[in-house]
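Chemist: These protein sequence lines map, in sequence, to chains A and B.
If you count the first sequence from 1, position 166 lands on 165 in numbering that gives the first Met the number 0, and the numbers rise without skipping.
If you count the second sequence from 1, position 75 lands on 74 in numbering that gives the first Met the number 0, and the numbers rise without skipping.
It is possible that part of the hints are untrue.
Note that the list lumps identical chains together, so a pair holds whenever it fits in one copy or between two copies.
[Stated by the list, open to error] With a straight-line Cα cutoff of 20 Å, these simulated DMTMM-like cross-link-like pairs (lysine to aspartate or glutamate) come out:
1. K308 x D79
2. K106 x D24
3. K376 x D391
4. K218 x D427
5. K74 x E345
6. K186 x E67
7. K51 x D391
8. K372 x E383
9. K29 x D160
10. K315 x E269
11. K106 x D46
12. K40 x D160
13. K342 x E235
14. K342 x D202
15. K100 x D160
16. K315 x E273
17. K403 x D366
No wet-lab data here; the hints were simulated from the structure.
Small disclaimer: the values here were computed from a predicted structure and weren't measured.
Protein chains: 2
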Amino acid sequence: MTKFKTSLIAVIIMLSGVVTFAQSDSAMIKKIFNEALSNGKSYSNLDYLSNKIGGRLSGSPQAQQAVEWAFKAMKEAGADTVFLQECMVPHWVRGAKESGKAIINSKETKELPIAALGGSIATPAEGITANIVEVIGLNGLETLGKAKIKGKIVFFNEPMDPTVIETFNAYGKAVQQRWGGAMMAAKYGALAVVVRSCTLTQDNFPHTGVMGYSDTIVKIPACCISTNGANWLSNELKKDNNIKFQLQMSCQMLPEERSYNVVGEIRGSEKPNEYIVVGGHLDSWDTGKGANDDGSGVVQSIEVIRIYKALGLKPKRTIRAVAFMNEENGGRGGKKYSLLAKKNNEKHIAAIESDAGSFTPRGFSSDVTPAVKAKLKSWRPLFEPYGVYNFDRDGSGSDINPLKEQGVPCLELMPDSQRYFAYHHTADDIFANVNKRELELGGASMAALIWMISEYGL
Amino acid sequence: MTKFKTSLIAVIIMLSGVVTFAQSDSAMIKKIFNEALSNGKSYSNLDYLSNKIGGRLSGSPQAQQAVEWAFKAMKEAGADTVFLQECMVPHWVRGAKESGKAIINSKETKELPIAALGGSIATPAEGITANIVEVIGLNGLETLGKAKIKGKIVFFNEPMDPTVIETFNAYGKAVQQRWGGAMMAAKYGALAVVVRSCTLTQDNFPHTGVMGYSDTIVKIPACCISTNGANWLSNELKKDNNIKFQLQMSCQMLPEERSYNVVGEIRGSEKPNEYIVVGGHLDSWDTGKGANDDGSGVVQSIEVIRIYKALGLKPKRTIRAVAFMNEENGGRGGKKYSLLAKKNNEKHIAAIESDAGSFTPRGFSSDVTPAVKAKLKSWRPLFEPYGVYNFDRDGSGSDINPLKEQGVPCLELMPDSQRYFAYHHTADDIFANVNKRELELGGASMAALIWMISEYGL
Numbered sequence: 000m001t002k003f004k005t006s007l008i009a010v011i012i013m014l015s016g017v018v019t020f021a022q023s024d025s026a027m028i029k030k031i032f033n034e035a036l037s038n039g040k041s042y043s044n045l046d047y048l049s050n051k052i053g054g055r056l057s058g059s060p061q062a063q064q065a066v067e068w069a070f071k072a073m074k075e076a077g078a079d080t081v082f083l084q085e086c087m088v089p090h091w092v093r094g095a096k097e098s099g100k101a102i103i104n105s106k107e108t109k110e111l112p113i114a115a116l117g118g119s120i121a122t123p124a125e126g127i128t129a130n131i132v133e134v135i136g137l138n139g140l141e142t143l144g145k146a147k148i149k150g151k152i153v154f155f156n157e158p159m160d161p162t163v164i165e166t167f168n169a170y171g172k173a174v175q176q177r178w179g180g181a182m183m184a185a186k187y188g189a190l191a192v193v194v195r196s197c198t199l200t201q202d203n204f205p206h207t208g209v210m211g212y213s214d215t216i217v218k219i220p221a222c223c224i225s226t227n228g229a230n231w232l233s234n235e236l237k238k239d240n241n242i243k244f245q246l247q248m249s250c251q252m253l254p255e256e257r258s259y260n261v262v263g264e265i266r267g268s269e270k271p272n273e274y275i276v277v278g279g280h281l282d283s284w285d286t287g288k289g290a291n292d293d294g295s296g297v298v299q300s301i302e303v304i305r306i307y308k309a310l311g312l313k314p315k316r317t318i319r320a321v322a323f324m325n326e327e328n329g330g331r332g333g334k335k336y337s338l339l340a341k342k343n344n345e346k347h348i349a350a351i352e353s354d355a356g357s358f359t360p361r362g363f364s365s366d367v368t369p370a371v372k373a374k375l376k377s378w379r380p381l382f383e384p385y386g387v388y389n390f391d392r393d394g395s396g397s398d399i400n401p402l403k404e405q406g407v408p409c410l411e412l413m414p415d416s417q418r419y420f421a422y423h424h425t426a427d428d429i430f431a432n433v434n435k436r437e438l439e440l441g442g443a444s445m446a447a448l449i450w451m452i453s454e455y456g457l
Numbered sequence: 000m001t002k003f004k005t006s007l008i009a010v011i012i013m014l015s016g017v018v019t020f021a022q023s024d025s026a027m028i029k030k031i032f033n034e035a036l037s038n039g040k041s042y043s044n045l046d047y048l049s050n051k052i053g054g055r056l057s058g059s060p061q062a063q064q065a066v067e068w069a070f071k072a073m074k075e076a077g078a079d080t081v082f083l084q085e086c087m088v089p090h091w092v093r094g095a096k097e098s099g100k101a102i103i104n105s106k107e108t109k110e111l112p113i114a115a116l117g118g119s120i121a122t123p124a125e126g127i128t129a130n131i132v133e134v135i136g137l138n139g140l141e142t143l144g145k146a147k148i149k150g151k152i153v154f155f156n157e158p159m160d161p162t163v164i165e166t167f168n169a170y171g172k173a174v175q176q177r178w179g180g181a182m183m184a185a186k187y188g189a190l191a192v193v194v195r196s197c198t199l200t201q202d203n204f205p206h207t208g209v210m211g212y213s214d215t216i217v218k219i220p221a222c223c224i225s226t227n228g229a230n231w232l233s234n235e236l237k238k239d240n241n242i243k244f245q246l247q248m249s250c251q252m253l254p255e256e257r258s259y260n261v262v263g264e265i266r267g268s269e270k271p272n273e274y275i276v277v278g279g280h281l282d283s284w285d286t287g288k289g290a291n292d293d294g295s296g297v298v299q300s301i302e303v304i305r306i307y308k309a310l311g312l313k314p315k316r317t318i319r320a321v322a323f324m325n326e327e328n329g330g331r332g333g334k335k336y337s338l339l340a341k342k343n344n345e346k347h348i349a350a351i352e353s354d355a356g357s358f359t360p361r362g363f364s365s366d367v368t369p370a371v372k373a374k375l376k377s378w379r380p381l382f383e384p385y386g387v388y389n390f391d392r393d394g395s396g397s398d399i400n401p402l403k404e405q406g407v408p409c410l411e412l413m414p415d416s417q418r419y420f421a422y423h424h425t426a427d428d429i430f431a432n433v434n435k436r437e438l439e440l441g442g443a444s445m446a447a448l449i450w451m452i453s454e455y456g457l
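Produce the entire structure from the sequences given, and follow the hints as far as they go.
Modeler: Quick look at the structure:
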């Protein structure tokens with residue numbers, strides 16, 4: 000039904016003679032894509048960020064290097080001004096010791112691929128050794144009951160649903176046990192939690208990510224386990240429900256550190272006090288190199304600036320490329336940006352984030368009014384020649400969420416999502432898993448959409 | 000303008016109340032995708048074909064192994080009948096010696112990454128050593144003129160155009176120098192040709208592929224050179240136009256071999272004498288493992304059979320999965336299939352090929368009448384939830400081209416094309432460059448479209 004309605008609205012707009020774009024816009028968008036695909040710098044920028052700096056969790060020396068690099072890269076892209084926005088960030092470190100072993104019949108041990116979840120407390124130095132019980136998702140705790148959980152390690156083993164086409168939706172469901180598992184299991188008297196990695200791939204990588212604690216619930220250590228490891232453990236538990244698990248982790252939360260968002264700006268030619276934000280996040284998990292999450296989004300945002308400057312475009316509104324700090328485990332950069340925008344009374348007419356990987360773009364999701372959504376969709380014919388066809392979906396990035404709460408129309412680049420969770424938060428989030436053209440098409444799509452927003456408003 | 004017209008047609012169809020599908024079709028398609036994504040066998044089949052059999056050029060022992068494997072795989076998928084269609088195929092072999100060297104100042108030599116083009120004759124054992132001249136595309140020969148070409152090696156260096164979004168279109172242009180280069184250059188008195196690899200990636204892989212000779216033109220040896228090698232050579236030639244090139248190749252054409260198409264069939268429940276073909280090609284270039292070209296298409300076609308059988312579906316029309324032989328250098332399998340279809344008076348109502356890689360599907364191109372195209376497009380709402388939205392483009396696969404000439408509506412699965420030419424015809428066309436979900440979505444898309452065609456005709 001939705002489809003029918005959608006098409007009718009589109010035709011009504013067309014028949015009513017409302018022209019929401021001009022022939023020249025189509026030519027401009029072609030120029031933007033040609034520039035990105037012929038002279039793009041996003042790929043070499045990402046090479047540097049991933050391979051010379053590498054993983055850069057908030058508070059780390061690498062995160063600081065990334066700030067300095069982004070400042071320089073935005074300058075080189077030709078931004079009129081580049082500035083920093085200071086924010087304090089959590090500083091969690093993984094530590095040297097990290098191991099998980101299954102112990103069968105009190106003698107046979109098997110080392111399993113685990114990694115501490117971001118924010119977890121350490122185990123005692125000698126580790127925690129206890130019986131392990133499997134549950135499926137947070138609801139599995141209630142099913143099993145306190146008597147069977149108390150004094151044990153809980154193994155959350157809900158897989159991501161492979162039949163969900165948009166993988167972020169499957170992630171959204173499965174990730175709840177990662178975020179809430181330690182808090183919930185602690186209420187049932189668990190000693191620690193081991194959480195199945197959020198991925199649709201059967202592999203040996205633990206997929207880390209942030210987890211939550213509450214001040215009113217006892218804190219217990221939490222790690223993730225690779226899907227292959229989880230499948231093995233689950234099978235073993237079917238044969239023998241007396242398996243013990245030994246978890247040792249030396250991770251810790253250090254005092255907060257000073258860090259920064261990096262902002263590069265092209266001043267608007269007609270309405271310089273109206274801002275359009277395009278951004279990604281500069282921090283990444285420490286396990287990999289942060290190539291797809293979210294080096295891509297950062298270099299694509301910087302590329303928007305470079306494309307405009309290379310083509311000599313003079314946008315009517317001010318464009319800001321923002322490399323946000325601390326998306327992964329705190330969102331402090333996003334909050335700070337929004338706070339300053341409010342304090343400085345800056346009128347933001349749109350914010351676009353790229354934080355869903357470097358893959359071929361398919362569209363833009365958005366959290367906007369129906370009228371704005373209709374306007375975005377009226378531009379679809381301009382984007383379809385580039386494979387960017389979907390303007391229907393709701394949603395936007397987490398760094399710009401605080402802007403959304405101020406009423407700013409927020410969007411997110413929507414790349415093909417099939418490969419994202421193969422690499423997500425693992426040691427395999429590396430530059431080699433980024434395709435140059437796919438990355439460039441994403442940057443060009445954002446540059447093109449920003450052109451339209453800058454020309455016509457939203 | 001096209002967009003306006005298209006949308007108007009769509010609405011006229013909708014307003015006129017013509018319902019071209021039912022609610023139950025949507026549920027059936029969901030079942031098909033769920034089965035592919037939950038219990039799919041295409042990925043493990045491709046693992047076997049790529050890694051246990053490997054590269055399988057027509058006439059090779061591996062091609063014969065692939066025939067035997069495909070027969071077995073179709074049986075295992077549950078085909079009602081599986082049979083072979085014999086055809087004679089060319090048998091070209093690369094030979095042990097294959098090298099290309101630039102010689103600067105008659106002393107400094109640099110080995111370059113080259114590979115014989117498929118079908119090329121050998122050089123004399125001692126090689127061909129001559130001055131090398133660069134031209135851009137076939138037209139470059141005329142620009143340079145016979146006097147500057149005679150007695151030399153011609154270096155065709157037209158790159159694929161990176162600004163063309165659909166990479167197959169860029170390929171279609173650049174590949175002309177690969178196919179026709181040796182014939183055309185020989186007319187100008189060239190001794191051999193070195194052709195820039197058809198890819199948008201800057202890498203060290205020579206990308207082979209078929210080349211042509213004419214009985215009326217002297218045959219000269221032809222090789223491809225990696226893009227990095229081509230760029231290096233072009234730069235050197237700018238500094239020194241007296242560079243010599245030494246080419247040694249021991250490839251040869253052996254007598255033709257007997258080979259086979261493999262056909263697996265599900266007999267139609269209501270109209271068994273109406274056939275729907277779904278296929279890919281079993282042969283591949285010898286340089287790689289034929290994972291994306293076109294192991295993917297073969298295992299996806301077999302998967303169509305498996306999905307129908309696993310779900311207990313009874314299609315009205317007969318479905319044939321065909322693993323075609325000899326697409327890469329002769330097309331004999333496709334010709335034979337079509338010949339037999341005509342001879343046996345089989346009514347083919349549609350043929351779908353998958354030969355554009357294992358990447359996330361975006362739509363189906365087709366060579367059909369406008370009425371059939373409109374019907375296909377009316378099904379778009381059923382496919383959009385799976386990211387399959389584009390039914391506009393013209394084109395279909397080369398194995399089914401002979402069926403098209405008989406008037407059969409022909410289609411091709413249209414995966415995302417951005418990564419295809421990174422691997423195409425190289426040593427990097429390996430299983431590791433295939434993503435399981437992307438592959439499965441392609442197979443499911445074909446199974447779903449075939450369901451619609453089988454239910455409603457075209």
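Chemist: With identical chains treated as interchangeable, where does the CA-CA distance between K376 and D391 reach 20 Å or less: within a copy, between copies, both, or neither?
Modeler: For K376 and D391, both the intra-copy (7 Å) and inter-copy (19 Å) Cα distances are at most 20 Å.
Chemist: Within a copy, between copies, both or neither: which one fits K342 and D202 at a CA-CA cutoff of 20 Å?
Modeler: neither (47 Å within a copy, 50 Å between copies)
Chemist: When no copy is specified for K372 and E383, does a C-alpha distance of 20 Å or less occur within a copy, between copies, both, or neither?
Modeler: both (16 Å within a copy, 19 Å between copies)
Chemist: Check K315 against E269 for me: Cα-Cα at most 20 Å, and say if that holds within a copy, between copies, both or neither.
Modeler: Answer is within: at 5 Å inside a copy they meet the 20 Å cutoff, but 63 Å across does not.
Chemist: If the cutoff is 20 Å on CA atoms, where do K29 and D160 land: within, between, both or neither? Let me know, please.
Modeler: For K29 and D160, the Cα distance is within 20 Å only across copies (14 Å; inside one copy 38 Å).
Chemist: Reference check for the pair K186 and E67, CA-CA at most 20 Å: within, between, both, or neither?
Modeler: For K186 and E67, the Cα distance exceeds 20 Å both inside one copy (43 Å) and across copies (59 Å).
Chemist: Could you place K315 and E273 in one of the four classes (within, between, both, neither) given a Cα distance threshold of 20 Å?
Modeler: Intra 9 Å, inter 60 Å, cutoff 20 Å: intra-copy only.
Chemist: Since the copies are identical, ignore which copy is meant and state whether K51 and D391 lie within 20 Å (CA to CA) inside a copy, between copies, both or neither.
Modeler: So K51 and D391 fail the 20 Å test inside a copy (38 Å) and across (44 Å) alike.
Chemist: Could you figure out if K100 and D160 sit no more than 20 Å apart (CA to CA) within one copy, between two copies, both or neither?
Modeler: The answer is neither: 27 Å in one copy and 53 Å across copies each exceed 20 Å.
Chemist: What label fits K40 with D160 when the C-alpha limit is 20 Å: within, between, both, or neither?
Modeler: between (37 Å within a copy, 18 Å between copies)
Chemist: When no copy is specified for K403 and D366, does a C-alpha distance of 20 Å or less occur within a copy, between copies, both, or neither?
Modeler: Intra 8 Å, inter 46 Å, cutoff 20 Å: intra-copy only.
Chemist: How would you label the pair K308, D79 (within, between, both, or neither) given a Cα cut-off of 20 Å?
Modeler: within (9 Å within a copy, 63 Å between copies)
Consistency with the previously given hints fails for numbers 2, 4, 5, 6, 7, 11, 13, 14 and 15, ordered from lowest to highest.
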